[in-house]
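Chemist: Full structure from sequences and hints, please.
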Amino acid sequence: MAEFVDLPVPAVLGHASAVEGVTDAVRTARSAVSQVAMDPGAYGMLCSFLPGILSGVFEVAVVAMNGSAEALQETALNLRDAVRTFETTDSHAAGEIRSP
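In our numbering, the protein residues as written are 4 to 103.
Simulated from the structure, these hints should not be mistaken for laboratory data.
Treat the hints with care, since some could be wrong.
Stated by the list, open to error - Taking CB as the label site, the calculated pair distances span:
no., residue 1, residue 2, range
1, His95, Val66, 41 to 49 Å
2, Gly44, Val66, 26 to 34 Å
3, Asp9, Gly59, 48 to 56 Å
4, Pro13, Ala45, 45 to 53 Å
Where a beta carbon is used, it is the ideal one built from N, C-alpha and C, also for glycine.
Modeler: Take a look at the structure:
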């Protein structure tokens with residue numbers, strides 16, 4: 004007996020949309036980090052070193068968030084491509100079965 008593959012297309016497309024939503028949230032967070040400015044005078048003399056340290060942390064955070072957003076966007080595209088490939092292959096196979 005032949006096995007068959009059943010891809011839950013609506014669920015996969017829904018997951019792709021959810022991943023895109025996370026992508027948007029990461030981009031929003033990245034924008035917020037980019038807008039943060041540390042005023043050296045805000046910490047007083049004792050903690051005046053903090054803005055210099057934190058600015059480096061913020062730069063690393065922006066780089067990490069850029070990478071995360073790109074990976075998430077690529078994942079969403081790959082999910083949609085998988086659905087298209089599945090549907091194309093399924094249609095082609097159905098046509099082969101129907102052909103004499």
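Chemist: Hint by hint, note whether the structure agrees.
Modeler: Hints versus structure:
| no. | hint | verdict |
| --- | --- | --- |
| 1 | His95 - Val66: 41 to 49 Å | 43 Å, holds |
| 2 | Gly44 - Val66: 26 to 34 Å | 27 Å, holds |
| 3 | Asp9 - Gly59: 48 to 56 Å | 50 Å, holds |
| 4 | Pro13 - Ala45: 45 to 53 Å | 50 Å, holds |
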